[in-house]
Every structure is written in C-alpha cells, then in structure tokens.
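Could you build all of it, start to finish, from the sequences and the hints given here?
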Amino acid sequence: MKKANLLFCLGIIYFFNVVLVFAIEDTSKWSFARKAAGQSYSDNIISTYIRPSEYILETTASINVAINGVYTGVYNYKDDKGKVIHFASLECDDVVSSEITVSYSTTIKTFEVYTGEELVSVQKKSAKVIGFKSPAIDRELIIELIGNTRSDILHLFINSKGKGFPQVESPQGYIYDESSGLCIFGPGYYDLSKMSINAELRKAKSIYIMGGALVDEWIGFDGSLDDRVYGRGLFMGNKSLGMKLVSPVNSKIQLNDDIWEFAIKAIGERTTDENLITYSRPLEYPMEGPAQFTVSVNGKYTGIYNDNNCFGGNVNFGYFDFKENVPVTIDISYAGILDDFDLIPDRYGVRAYRKDDRTITFTLNEADVNLTLIVNDDYRGDVLHLFANSIDEEVPESVRGKSGYIYEPTSKLHYFGPGYYDLSEFFSEGKLTLNKDHRAYLAGGAVLDGQLCISSGTSARIFGRGMVMNQEHNKGMVTQVKWSSGATVEGIIIHGHRAKSWTTGVDNSSDIHFKNVKIISTRYASTDGCDINLSTDCTFENMFIRACDDAIAIKGMAPSTTLPSNYKPNRNLTFERIQLWNDANNAFGLGAETQASIYENISLKNSDILFSYDDPNHHEQLDERSAMNICALHGTYFRNILFEDIRVYRCERLIGLGFKNDFWFGSLLGNQKLPGGIEEITFRNVTSMSNSGSEIANDIWLYGWYEDGTPMKEVKNIVFDNVIIEGNLLTGDDNMHIKTNNTDDHELVKNLIFKNSVSDMNLFVNDNRQVSMYPIATDAGRNIYVIGISSPCWQAYNVNGYLCKEGVGNMIPVNGWSPGVYLVKIYDTDNNIIKVGKIIIR
Numbered sequence: 003m004k005k006a007n008l009l010f011c012l013g014i015i016y017f018f019n020v021v022l023v024f025a026i027e028d029t030s031k032w033s034f035a036r037k038a039a040g041q042s043y044s045d046n047i048i049s050t051y052i053r054p055s056e057y058i059l060e061t062t063a064s065i066n067v068a069i070n071g072v073y074t075g076v077y078n079y080k081d082d083k084g085k086v087i088h089f090a091s092l093e094c095d096d097v098v099s100s101e102i103t104v105s106y107s108t109t110i111k112t113f114e115v116y117t118g119e120e121l122v123s124v125q126k127k128s129a130k131v132i133g134f135k136s137p138a139i140d141r142e143l144i145i146e147l148i149g150n151t152r153s154d155i156l157h158l159f160i161n162s163k164g165k166g167f168p169q170v171e172s173p174q175g176y177i178y179d180e181s182s183g184l185c186i187f188g189p190g191y192y193d194l195s196k197m198s199i200n201a202e203l204r205k206a207k208s209i210y211i212m213g214g215a216l217v218d219e220w221i222g223f224d225g226s227l228d229d230r231v232y233g234r235g236l237f238m239g240n241k242s243l244g245m246k247l248v249s250p251v252n253s254k255i256q257l258n259d260d261i262w263e264f265a266i267k268a269i270g271e272r273t274t275d276e277n278l279i280t281y282s283r284p285l286e287y288p289m290e291g292p293a294q295f296t297v298s299v300n301g302k303y304t305g306i307y308n309d310n311n312c313f314g315g316n317v318n319f320g321y322f323d324f325k326e327n328v329p330v331t332i333d334i335s336y337a338g339i340l341d342d343f344d345l346i347p348d349r350y351g352v353r354a355y356r357k358d359d360r361t362i363t364f365t366l367n368e369a370d371v372n373l374t375l376i377v378n379d380d381y382r383g384d385v386l387h388l389f390a391n392s393i394d395e396e397v398p399e400s401v402r403g404k405s406g407y408i409y410e411p412t413s414k415l416h417y418f419g420p421g422y423y424d425l426s427e428f429f430s431e432g433k434l435t436l437n438k439d440h441r442a443y444l445a446g447g448a449v450l451d452g453q454l455c456i457s458s459g460t461s462a463r464i465f466g467r468g469m470v471m472n473q474e475h476n477k478g479m480v481t482q483v484k485w486s487s488g489a490t491v492e493g494i495i496i497h498g499h500r501a502k503s504w505t506t507g508v509d510n511s512s513d514i515h516f517k518n519v520k521i522i523s524t525r526y527a528s529t530d531g532c533d534i535n536l537s538t539d540c541t542f543e544n545m546f547i548r549a550c551d552d553a554i555a556i557k558g559m560a561p562s563t564t565l566p567s568n569y570k571p572n573r574n575l576t577f578e579r580i581q582l583w584n585d586a587n588n589a590f591g592l593g594a595e596t597q598a599s600i601y602e603n604i605s606l607k608n609s610d611i612l613f614s615y616d617d618p619n620h621h622e623q624l625d626e627r628s629a630m631n632i633c634a635l636h637g638t639y640f641r642n643i644l645f646e647d648i649r650v651y652r653c654e655r656l657i658g659l660g661f662k663n664d665f666w667f668g669s670l671l672g673n674q675k676l677p678g679g680i681e682e683i684t685f686r687n688v689t690s691m692s693n694s695g696s697e698i699a700n701d702i703w704l705y706g707w708y709e710d711g712t713p714m715k716e717v718k719n720i721v722f723d724n725v726i727i728e729g730n731l732l733t734g735d736d737n738m739h740i741k742t743n744n745t746d747d748h749e750l751v752k753n754l755i756f757k758n759s760v761s762d763m764n765l766f767v768n769d770n771r772q773v774s775m776y777p778i779a780t781d782a783g784r785n786i787y788v789i790g791i792s793s794p795c796w797q798a799y800n801v802n803g804y805l806c807k808e809g810v811g812n813m814i815p816v817n818g819w820s821p822g823v824y825l826v827k828i829y830d831t832d833n834n835i836i837k838v839g840k841i842i843i844r
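Residue numbers for the sequence shown follow the working numbering, beginning at 3 and rising by one.
Please keep in mind that the hints were generated in silico from the structure rather than gathered at the bench.
Remember, predicted model here, so these are calculated numbers, not experimental data.
Warning: the hint list may mix true and false statements.
Unchecked claim - When the alpha-carbon atoms are kept at most 25 angstroms apart in a straight line, the in silico SDA-like pairs for lysine to any residue are as follows:
| hint | residue 1 | residue 2 |
| --- | --- | --- |
| 1 | K662 | D509 |
| 2 | K325 | G301 |
| 3 | K502 | G478 |
| 4 | K414 | D358 |
| 5 | K80 | A63 |
| 6 | K302 | D358 |
| 7 | K502 | G315 |
Claimed, not checked - Computed Cβ-Cβ distance ranges for the label pairs, DEER-style:
| hint | residue 1 | residue 2 | range |
| --- | --- | --- | --- |
| 8 | M738 | G84 | 34 to 44 angstroms |
| 9 | N619 | M738 | 38 to 48 angstroms |
| 10 | N619 | K85 | 39 to 49 angstroms |
| 11 | W485 | E286 | 25 to 35 angstroms |
| 12 | N437 | N730 | 49 to 59 angstroms |
| 13 | T331 | R272 | 14 to 24 angstroms |
| 14 | G84 | I339 | 43 to 53 angstroms |
Cβ atoms here follow ideal geometry from the backbone N, Cα and C, with glycine treated the same way.
See below:
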C-alpha cells in the first residue's frame, strides 16, 4: 500500500449509537510505537481506533495521542515539501470533559497549538508530554511540537460521539444490505482494487465507513465524493485524485477543502460541443503526487497529467481541442503562490494577466498551439505544458463517439476510445505493431499503457488526440517507426513515464511525417525524446518535445558488422515549428553515434528552445553538450546543416560542433579512423535571450580533430548570420563566447563567416522623410512611435519576410517581441504603403 503524501480533509467519522464497552488494556509496558498504533475502545464517553497494520508509515512513529489514558492510532505522511505530517482522530462526549495527552519521542523544547476560534489551555505535563481538556467537539487542532533537533506537526481531529448512525450488531468486515441499499465498512483495512464491489457502491443509497475503517484505492463517484458517504472512517485514493489522500467522510471538519476542490478540478471533465472539447484524466493514470495546476477553458476543466523531473520538480501537462478563430478564455491555477510567471514561447502573441496570487488568465484564438507556464522563473521546478489542439476533423466516421477498443479488419483500423488501456491485456508483451497500411486512432481522453509502433509500413498511420505511454515495467520505446516508408504519426501525446528508455524513434526509414505530436519524458537519463537513425526524406512539424536527455538526436547506428562503405545516410530531414526542452544533454543534436555515410540537408527552422541544460549531476563538466549540437564519435561528413529562426529562452552552452573519441566519461567509445569534417553549417537569425549565470552560458565551442594515425577533421565554413546573444550581434571570432581548439600547430577550425543579412532589408526601405519612426532601436518592453501621420496601420516582418505583428495607431508596442531586426510597413487609411523602415529590438 502506498504512503500518503498529501493531507486533505481529515477527520472522519465513527459509527453507532450502540454502546460498546471494552476493558482498557494495561499499556504501561507498551513501547512508544505500539502506543502510536492505538487501541480499539468505546464507551459512553470516548472512542479510539487502531491504525490498520496495512498502513505503511512514512517514518517511525514519533507522536502518540491518548484520551483518558486510552491511545488512538496515529498516521503520518510527507507533504509536497518533504515535511512529515502526523494525524489522528478520536471521539468524545460533548458534555463530559475528557483529558487528552500528546506525547513526543524527544524532549519538547516548545510547542504551538492552533485551535481556530476557541482557546484551549494546553499545559506541559512532563519533558515529553503536553495535555489539555477536550475542547468543543467536531474540531481540528493543529499542534506543532518543537524539539532540540527536529519538529513535527500533528493534526488531531476531535469528533462528537456518533449519533444517528446505523446500529450494527457485529461491526466487522464489509456488508451490503440490498433491501436498504446500505454499504457498511467495519473497522479494518479494505483495498477496493481487490474487491469486486464497485457495482454495489455505485447503486448504494448510502455508504457508511465506521471508525477504525481504512478504505484504500477509493475511486469516488464520477470523480467526486457525494453525500451518500458518511461515517467516522478514513479513505485513501490515488487513482481518482492522483495522490494518496486521507480524507474525512462527510465530517463537519473541513480541513484544506480548497485543496480537495483543486484536485477534483485537475481530474477534468469531458465536455463536447462544436467549438470546444475538454477531457477527463482516466482514473488509472499513475500520477506522481498531486497535480500542481488546474486548467479551465471557458469554465470547463480539462484533465492534468504529471511526472517528476530530475530536479525535484513536478511536470504537469494537459490538452484540449477548440475551433480555430473561435476565441477561448483559459484560466490556469497553481497550487502554490505565483509571485511571477512566464508564458512561453511568446511568438503566439498571447498576453496573460494575473487574476490573483494563484491564477492567470488569457484568451487564445489560434489552435494547434503549445504553451508552457514557468512559475517564479524556476525552469527546474513545477511547470505546466498546455497543448491547445484544433478539433480533429479526421475521426473515422465508423467509430466516431464510440468507446472501448475496436478493431475493424476491413479498414485495418485499431480504435481506442476515451479511457485507460493496458495494452498487455490486448497484445503480446503490451505492444501493438502496425505494418503495411494499418492504422491506429487514439481518441482524446484515451491513455494506452504500452508500446505503439510501425514496422515495415507503407502508408501506416498513428493519429488522434490521445496518449500512449510506458511505465517502468515496460522498457521499450513507446513509439517507433522502423523499416517503413510513407508512414504518419499525427496529433497524439507520447509519454515516457518512469521507464528509462528512448521515447520515440524513426529507424532505417524514409518519407516519414510527424505533425502536431507532443513527446514528454522527464526522468533521468537515456530518455531521449525523438531519435532518428539512418533515415531520409522525413518531416517533423509543429511538435513539442521535452526529454531528460537529447530532445532530438539524429544518430548513425549502423550495426558493427556493417562495412563503412555500406553505411546509410541521414539526409533531407526537415524540422519546423518545433519546441524543445532538455533537462540533460542536447536540445537538437547530431550524434553522438555517427556511423552514417553522411549527414546532409538537415534543417531546424522557426523553432523555440525553451530550456536546455547540460547535466543535473555533472554541470559544466561535459564539453559535448549544447542547445544546438554536432558531436561526432565516428568519422563522417556533415554538410548543409541549417539552424534558422531559432529563439533560445534559456540554455547553458549554446552551440557545439566537433569530433570526439569518447562520450560520457569514456562509457561510449568512438572511432576516428575514417575521414570526416563539419562544413557549411549555417546559424541564421538565432537569438539567445538570457544568461543562465553558469560558466558556459551561451558559449560556442568549435573543435576539430587531430591525432596521429587518424585523418584530420576540420570544422570550417561556419556561417553566423544575425546571431544575437543577450542582445548583442555576433560579429567576429573574437567574441568572448566563441572558443576553439585551434593551436599554433594545427588550425582545425577555420573560415568562420559573420553576416548580418538584415542589412538586405535596405533594398525595401523607402526614404519618406515626412513619416518617421522613433526610436529605431529600443529594448523589448519599450514603445516605438510613428510620427508624421495620424492613426496609421502598420505591419512588422522578420528578416525572412514572415508577418510577426500588426496593428493600428501611432504607437507600436514591442513588449514581448523577440530581439532582432524587423521591417515595418506603414499604411495610410486608403491602405497605401507610405513608409517602410527598419527597427531593432535589443
């Protein structure tokens, strides 16, 4: 049984008017831990409970609680900050006063008691014991005990003696009375995942959980707790709320009710209309603690999933679909405090506003947009990735709106409706492999636990809005396309959950197309997002990839038995509108295994590197890592590689190009006996907007190869065209960020070319001096003003001629614009161009 990691509405409820009287045991010789386990006792005045032995404590018991000398069971768990929280409950009469004592395993230096409105007089009975008279019933006390070297918090729930509850002759076990529609859980432990009683629970008129009962794997009713449930027992549920939850059953005590509501909202709701679809998270999805965010779209909540990252943060993600150009209002709430936030990338022009200290709101008009919320400038902490899809117009009509798994032999379609699927229950080893022209459609709200692959496909297709994931027991790639041509993967989420393995792959294939795919794998390490091996003529468009290793890696992994003359190439690979995030290694890398005949005609365009970190355990120690990277362990040639219109939000090393003989402290060996070189690599319109503060922040590391007995390999003809680092244009190899391994004896890095192609804009500028813009260079966040005309229309284009911004008026607000050079066209009221000029945003 899993441990509790978040306390909700504790307090719960005991049972019956029948008076049970037990002899009070002699506890004088009991150990501290035995006392903390509690006693099952009830008389006219008090009731106490035993903690079921199946409950696994987070730490050894350090607090025990007694009323009138009788001990009640104490539980504990760790909260989201690692603090151990203890809790206990008991019952007492609301007229007759009782003596309550709290004992600590170490000397109490001081203590605090929080009681709400009523004051409680607490006295120190001895060095390790405090005591007080029972206060008003149905009350929560929060008691902080502080010792010399530690402190602990106890939530003590003091309930009224159960009145008006069912009279039970033998309060043991689970009972269902069909005539009255009453379900009863007597004292003890119940794992609902191993009890076939869901049908009874759903049709029951009332569900009574007695004091001393602990109901585990509570799945709720439609994701919530309804008014049929009452009693004095405890329930826990990690499936419905994504956490171990210890909560009251219909108690008058309501602790952290806002957190309970937050968790319910994070489950989401299924809503469908012609303009908006939101989804609920399947209860079986294995959450890693509670969701840290909720997302509502036009007031409807969509399900939030999560996984942990290598830094101790919680990575949340969710999605919804809406109709393009029908605006939606999105509210995002955080479980903590939002002192500051960033919604990136900013190229969508989305402006978010703070509603309160936990919630932001914004309007979205454009679909198939991926947004990331950074909280308090902490890229390594809690983060939300939100995927705003267009409504899927390609749902196969034969299965539209259906549920469950359906296979249509005639159309060769595997269909998965909303819900959770353990693929091992359907396919051998939990792996569905498509070949030839077979298809798999994942409806929104579907979660497939296993592997979904294409092998020897000709026009095979994986598509939809759902998710395929793996867990630690399933070590293979989640999704792989191999030995195929003409295959497509579109619209889905691919998630490596817990398992340390590559997430997505394209292997020995051609004419493969990925579009609007989201890939998330946050565990360290060898959890690459997307690996392409020895493949040609493939496109990757509008994707989000987050990994705790290479986000994208293009590899040459020819079998060791293959002669170099028979190596295959990596050629004609296009990546456009990609968002990349890597918590280790590279954001976009070629290598490190490079047993390929050649790498050529490979481009990354119009893309955002949101975060790139070298290594959480060996920061600044590994020179083969960067945001944009070529690291070749094997001799081969790299030609015509293009990085264009790239925005880097935060990185360590910016660029790395070179050859090495080993990787990762020698664990991966290379072979430089074959010839090779890196040449004709272009970085055009690349902007790195910040400095991480590390010793390698924004560095450009270029390193050729020279070693006796092996061919020399040069890095040459490298073009830096309008590369801006921290607001400064890169103009020469004397820049502090550029580092090479050139020596007086060997010039291995040569012919670095520095350009500023934005000067070509001068060909379009007209010199209408009656209309001007001021200033022509400014910082983002400032304004530029049009002078000499009233209320003009204006449009701003980047250096590649793409329209970036437009508006009306004499003020051009450049808040949120990426650094760079823009061409601005000014129009009069008759739509005539009267001025074209350049502005520079630093």
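Okay, the hints, checked on the actual structure:
Proposed proximity of K662 and D509 is supported: the alpha carbons are some 24 angstroms apart, at most 25 angstroms. Only pairs whose Cα atoms come within 25 angstroms are accepted, and K325 paired with G301 is accepted, the gap being roughly 16 angstroms. For the hint linking K502 to G478, the alpha-carbon distance of about 9 angstroms falls within 25 angstroms, and the restraint holds. With a CA separation close to 51 angstroms, the supplied pair K414 and D358 exceeds the 25 angstroms bound.
For the proposed pair K80 and A63, the alpha carbon gap of about 13 angstroms is at most 25 angstroms, so the pair holds. Taking the CA atoms of K302 and D358, the gap is near 19 angstroms; set against the 25 angstroms cutoff, the hint holds. Simply put, K502 and G315 have alpha-carbon atoms about 18 angstroms apart, close enough for the 25 angstroms limit, and the pair holds. Between M738 and G84 the beta carbon distance is about 41 angstroms. The supplied range of 34 to 44 angstroms therefore holds.
One distance hint, 38 to 48 angstroms for the beta-carbon pair N619 and M738, is violated here, with the actual separation near 27 angstroms. For N619 and K85, the hinted distance range of 39 to 49 angstroms is not satisfied, since their beta carbons lie about 26 angstroms from each other. Restraint check, W485 to E286: a C-beta distance of roughly 33 angstroms satisfies the suggested window 25 to 35 angstroms. N437 and N730 have their C-beta atoms about 53 angstroms apart, which keeps the hinted 49 to 59 angstroms range intact.
Distance hint for T331 and R272: a CB-CB separation of about 19 angstroms, consistent with the stated range 14 to 24 angstroms. Taken as a hint, the range 43 to 53 angstroms is violated for the pair G84 and I339, whose Cβ atoms sit roughly 18 angstroms apart.
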